[in-house]
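Take the two lone chains, each set in its own frame, and fit them into one complex as the hints suggest.
Line order of the protein sequences matches chains A and B. What the first sequence shows, in the numbering used here, is residues 1 to 170, in sequence order. What the second sequence shows, in the numbering used here, is residues 1 to 788, in sequence order.
Hints were generated in silico from the structure; no laboratory data involved. Keep in mind that a hint or two might mislead.
Stated by the list, open to error - Lysine-lysine pairs mimicking DSSO-like chemistry, simulated, CA-CA at most 27 Å apart: (1) B:429 x B:414; (2) B:9 x A:156; (3) A:156 x B:634.
Single-letter residue listing:
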Amino acid sequence: MSETENVVVTLNVNGETHTVLAPPYETLLETLRERLDLTGTKHGCELGECSACMVLMDGEPVLSCLTLSLEAQGHALTTIEGVAKNGVLTPLQQAYIESGASQCGYCTPAMVLSAQTLLDKNPSPTRQEIRDAIAGNLCRCTGYVQIVDAVELAAKRMRESVEDRVRRET
Amino acid sequence: MSEMRIVGKPRTKIDAVSKVTGAAKYGDDMMLPRMAYGKLLRSTQPHAYIRRIDVSRARALPGVLDVITGKDLPIHYGVLPNNQDETALAMDRVRYIGEPVAAVAALDERTAERACDLIEVEYEPIKPLLTMEDALAPNAGRIHDWTRTPNAHKIVSLEFGDVEAAFGRADLVREDTFLYEGNSHVPLETHAVVAKFEGGHLTLWSGTQVPHYVQRALAQVLNIPHGHVRVILPAIGGGFGGKSEPLSFEFCASELSRRTGRPVKIVLTREEQFYTHRGRHPAKMWMKTGVKRDGELTGLAVKIFLDGGAFSSFGIASTYYTGALTPITYKVPAYKFDGVRVFTNKPPCGPKRGHGGPQPRFGFEIQLDKLAEDLGMDPIALRRRNLVEPYSTTVNSLRITSCGLSECIAQVEKGSGWQERRGKMPPGKGLGFAASAYLSGTGTTMWHPDLPHSGAHVQIDRGGAITVFCGSAEIGQGSDHLLAALVAEELGVYPEDVRVVAGDTGITPVDLGSYSSRVTFMSGNATLKATGELKAKLLEAASRVLETAPEELEFGDYEIHDRNDHANSIKLVDAIVRAEAQFGTLGATGSYSPPRLGGNYRGSVIGTSPAYSFTACVAQVDVDADTGEVRVEKLWVAHDCGRALNPTLVHGQIQGCAYMGVGEALMETQQIDGRGLHMSPSLLEYHLPTSIETPEIETILVQAIDPEGPYGAKEAGEGPQNPIVPAITNAVYQATGVRFDETPLSADKVYRALHKKKGQRETTLTIPEFRFPEPERPTPREYYGDCS
Ligand code: FES
Ligand code: FES
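Next up, chain B with everything else stripped away, as it sits in the complex (with noise of 0.2 Å):
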């Protein structure tokens, strides 16, 4: 490969300018002619038989264009194929205080509000189920009737060796039981759709991470052909895995608009927004790990309980992911598994940026932390003692391949100076550690597994514009700049030069979307096989000119020229106009599908992915003991993220996994009260780090380079937000002396445990009782031999 010109280079995304003019258009900037202004009116019962619904005096507002209840859109939907539970308004049945019920169109919107008010809901209430433990309890109603077990959505017991036997051969062994508290995703932006339905066909612009999941479901649900539907994409104001599945008011908006005849716009309020959350599953773990005396890991078993909330979602995934994602970063010989997600009358979980690795990470992590003390061993060591190797297998058969988690942890011991200053700091002070891995986009897809994952299509015209055509998703983390910036790397031009229309479903090859940090990787290696096919044929067009075999040619700034003799060059404008004549019009298509991994068990694809990134994290922390406010006062934190296209771009990436790290280890929590209330639903209670709780975030980049990734490239939206909790956690244990098993450090937490009087009882965690099936043992499959 000759010298990048693009690649690896730290540049101004393309889309940049538009965001400091205030020019990006994003859903709730799109005003159309005619257009109406839609509502939801909201469950306020957690639990609840609907008796009966009167809509009359709503309708008879002035104003007020149309009403639609649950009968209107009775079909179901799910973003899992298995799992289609969910309906744009509540049927008979409302499962969780915020559940939508009924959907207004009016004029404006103060309109469609009074609507609301003035609908007529006559609930029978049924008994709320809001704690895993009441859901779980033998005889405890039913939230959904089809699950196996009451309330138990999904069970997963898994066991990959004899752990039981790794524990006897252990010098040591440690149970603990550590709570990770839910919270949500809290995009800047809320939701905002605007549905067009004309002639029977439908557009909707909507801001979601997922436009080909949200095309199927409103063809699905409005009973319209697939072709019909058009789904677009603004700007879009951070997702975070919140606005990842198809959502009830993005059929009602549709809905209302083939009603009414007009664009019909909804946006969110913040209230809503946490309301619909889909946010981290709150998780109770017990985990249990065997070492032996210098440190090997003999085995390890843990029990996950998730609460889910009222509907399915991501569910089924959120559930292998948290046992899955475990065992990637160190050798565990051993490994048992038990996970389940349980039904509650919350509002419904599912992925946030991590999706499944936080939770057990921060557990795992923290275990670590303290069977170091036990054996006297800096924690450091111990992880190094354990590390996977690039080009292994790890227990569960995921296949590793490129891995830079050693040179990561390197990185962060160094620059925090680690050895110099860990246990020698003032009081109050401490350094924390911990590590994780991550996904470079799932290595599955549950509706046709057999097609690909990701789409491309390139387009030149004869006057050498360049149009890049992808259905992925740009939520801010700066995917069209990454798919501009691969395609001028390979034609010799600069990101600027190259148009990219994305996410836009009725004029883009299908991508799966934004989720599971598969865009670079997939959306990337589709748009490089579409640019591959033309830069072949550009190279032969030019060969002719040149007289240069095209193995010689190769692309340098708007030419192509023959790699020993720059001289003998043609621009690239006329190569272009060559080939258009001797090929015909210039456009490739490329797909991408990762290869088929997974072991010999049920389930086994989820946790698959054809790279994984690795992370490291060294956390500084200051505890104030007469307030117990933890401040976070620096990270370190090293990413291996394969090659860095965009060094600034995948900075930024690490940095705002941090960020959202720092906040749920300190502060933020989705708490529904006893009576199903969200309890902090607004920007004001719901805590979020501003730019002072913020630390100042050192991100280093390790570049174990991929095989498979775009110019050996992988993730780096995710990953980075795994270590973060563990590592401030651990941090706060250095500073103290006292072990917080539980998110997040607030304050008064923190102070009633540096201030507990002799004697006081302790708070212990539990898990819920639960008895798990008889695990399935399944054969290892190997990828790369044995890895010992």
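Same shape as in the complex, but just chain A (with noise of 0.2 Å):
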């Protein structure tokens, strides 16, 4: 019941184009689970505090609490539900339900999605390097060591599959 007037917004996300009309005070957050219903982009503060609303714009992270709607026109997003294609889990997400590092799973979303760009700049990350990159997404449950442990080990994978195609190419 807002005076705004509603706008026009058009969003690119995991491929697929959506236009909606949503009040120019709407954030991506908003946007995407009430619209969208892309819920898979959780929140726990929508203040900027615990990272869980995290997507990915132009393959960068942005927190979607933080990012009205309009300015993320024209933009590529990429939110969890386009992580996996055509139900096949990416290796990342792959060693992260063998590593136990879910729990609750309400981090996960974007903790993937953090994990999966320090993953694509940094093919052998150190522990510490990991957990460097994941410090700004909060876990309540795991204590983050199985974290870590999923993400060294798909980085291992992913290294072993490189190397493999490599070397069948030469």
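Dropping the structure here:
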């Protein structure tokens, strides 16, 4: 029930284009969850303090609770729903479930995106580098150990599969 | 038992994929057609009479559907039967800032919020009592009129043996005072509920740890038949004890749905979460311990003051627990416990991971550390001198069965290089030790002590689909997975083949919920019982086909075979068809009740458990003398969980406990200021350890197989939290030579202590003035004869 007029917002999410009518002050978090049914994006504060709402904008992490949907127009957005392709988990997701890195799972969608951006830039991070990279993503369940294990395991597997490919191709 | 296929092996949780793909649906992910949004208006006063509430302007706001106040939900409730002291909305008086006063339903959340702003409440302030000292002062007012001694919610005084004589026998006696600050659970997901009232029947989706208790309370407060209430658990984003009792918004959403004819959702903000609280009680403690020269403990006396906040919650249990759990690790021949829980005008405290254990454990393990030093003994050697034995009885009549404490201690001692490294580390670094014990589920329930604590139903259809129904609450700890794993082990399938329908009071047998670390043990046993009945039928049917006695048969991979001749086998699904033909539809219900335990005194059942887990921890810290910053560099935690049903999950639980301990040791406090306002009601201000402050945690599983646990399993979800804080604090002493008898070890506190000017006055810790009654002196009850 707002006096402000709604505006047209067009978002590109996980390769799909969605156009919605929303108030100009609506956050990306709200649009994703409440208008596009992409509830995999979570929230723990809506104040930029927990990173549970993290999504990727042109491959870079942003906090959707601090991003207006209007600002997200014209960018390629990725949410957790867009990570596994055709039902196949990524090596990180696979390592994550095997390592027990998800307990309640509430931090998991954002954590997976956050760690994925690390692996995209650094294929062999140390445990400390992993800890540094996910420091903004709060998890209240795991004590982070199995999350770091998962990222390490995924990095190892991804490196091995690249080496495999190189070996096969040369 | 033939070799186990599932139990004891690391396996991926059955619900893990839904968590990494974002498919899992949590409370706020529920969207129902025509759903309205609810918001609560909360008290701005710590203590006041409500003289007038005017909701007319709120009602008039376009988009507002309804507004309710205290008189619309006047029936009292409380999680314990003898403390029904809460109403969904304050009636004529508020007792803490943040107490819900009115609730609004509107077409959208923003409108509901604006409507709350339009409600006028006229308060007549009453002097707030914000400290235990104020609340116990001779002419203090009363927060609740029904307490016998003003503001003393629960008083417990017990003496086992003669402590004065015990101190007389001692070569050395120490007295210390400790302060353990309160702190909050802060699950990453705040509370979220959706209520749908339709045709006189209510369905509530709530992220609660206790669906059964919530169902009971909803029926009571909404005044509808118990059977018309169905509580369903969505995925839950963590609980840690903070979601383990019926809470205001559950009633408000339900009542607003009844009135508006629409589903109503209420999601708390992070700030509201901090005011809802029910977290760890701040505790002021006095402890006195006597030892002989060789380290033998002669007696222990403690006085504990728990700052309970404004309502009862689990407070009676909290009070008893702070007394009951201390003597489980070491033989204490004489023990005196005085405890009181005090009402103050602050958000109510309740159970948080380790309920009642961490505070006295903190004091006792630090006091033992000091005694070891006074005696010139190694701190671990002092504990070893006094270890409880398996199959023994404690001084307060608690029955101990399996006990791997000695092995836990040996493991962390070895892992950390304690003997080689302690005392030889560079300045600023140190190692510290502590140990503890915890319940595998409470041995009692206050509502219906004679009824089972857990029920499970298992059914198998003719195609081989296996389903377990259990009222247990999956809160991230993996309880659904464990039930599936147990059934899979029994029937020769895999956990992924077993559907678990849990936490739905409309269709699952009653289980008391996820608290007191009870689910693996109790729901596990109930599930095994039900499965056992079906197993017998399947074996009977297979026996006819294989012409072999049922006793000679066993379950293999999707088959039943002769244990001496595996080729003589029948496919599981064929055996199922045969069994259904022979016995009719295959379903069985099992239940679990703990054995009747406890001593010869009132309240003695609190602290009983069918089995105890044990933990030992060594912490390594680095203290920066220039900043006062304490860094926990590493934790070694060995935990006796009985059989580790799924080691991956057990390691995860121990690590989660250790992490939470680091937070409580170094930074977390729920501080309420002199006006009754929370000083840090956000994630930025209430500091939580991030992946940087959390150290590497080396977890070691010690598996003292328990005779009564499912496959010998005990708990892992709470116990390991208990020794972490004292181990870290003892390590800080090793690193700096300065003792801290209080939490948390924030940088400013440590800096000030390290840079104390000569002659600067010590701030001494105190306990409130209070006269405890003459203690009850129960005669001991022995379970396994004299254990000495
Ligand atoms: S919801 Fe917490 S940072 Fe966005
Ligand atoms: S798994 Fe629960 S918050 Fe991370």
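Structure-based check of all given hints:
A C-alpha spacing of about 18 Å is found between residue 429 of chain B and residue 414 of chain B, which places the hinted pair at or below 27 Å, so the restraint holds. Only pairs whose Cα atoms come within 27 Å are accepted, and residue 9 of chain B paired with residue 156 of chain A is accepted, the gap being roughly 23 Å. Of the pairs offered as hints, the one joining residue 156 of chain A and residue 634 of chain B holds, with about 24 Å between alpha carbons and a cut-off of 27 Å not exceeded.
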